[in-house]
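In the numbering used here, the protein residues as written are 1 to 80.
Don't take each hint at face value.
What the hints assert, rightly or not - Here are the computed lysine to aspartate or glutamate pairs in the EDC-like style, where the Cα-Cα straight-line distance is at most 20 Å:
hint, residue 1, residue 2
1, Lys-66, Asp-23
2, Lys-56, Glu-33
3, Lys-66, Asp-21
4, Lys-66, Glu-33
5, Lys-56, Asp-34
6, Lys-56, Asp-23
7, Lys-66, Asp-44
8, Lys-24, Glu-60
9, Lys-66, Glu-7
10, Lys-56, Glu-7
11, Lys-32, Asp-69
12, Lys-24, Asp-44
13, Lys-24, Asp-50
14, Lys-56, Asp-28
15, Lys-66, Asp-38
16, Lys-58, Asp-38
17, Lys-32, Asp-64
18, Lys-63, Asp-50
19, Lys-32, Glu-12
20, Lys-32, Glu-16
21, Lys-32, Asp-61
22, Lys-63, Asp-44
23, Lys-58, Asp-21
24, Lys-63, Asp-23
25, Lys-24, Glu-41
26, Lys-24, Asp-38
27, Lys-24, Glu-12
28, Lys-56, Asp-44
29, Lys-58, Asp-69
30, Lys-63, Glu-41
31, Lys-66, Glu-41
It is worth saying that the hints were derived from the structure and are not from the lab.
Quick caveat, the model's predicted, so the values are computed rather than measured.
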Amino acid sequence: MTLTQIEEIVTEFLTEELEIDQDKITGDARLKEDLGIDSLEVVDVVVLVDEAFHFKMKPEDFKDLKTFDQLCAFIQQHAA
């Protein structure tokens, strides 16, 4: 799966499920500060990764990811 495909899937999830304004979702957007993803929504993102990309992401993995680009790169590295 390409990075662009991953970005599209994650963007769609963030806009539809977490109701984040798509204009805010940029490569350097900070997940917590800019996109407002809180600790409860981290669980939603972890579930999305499991369902959409077929690998188990742990909530602990998320703490080292600061930006949208980092999240998508992490997914690309670990996706089957």
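Let me make sure I understand: some of the numbered hints might not hold for this structure. Which ones are they, in numerical order? Hints 2, 5, 6, 8, 13, 14, 23 and 24 are the ones this structure does not satisfy, whereas the remaining hints hold.
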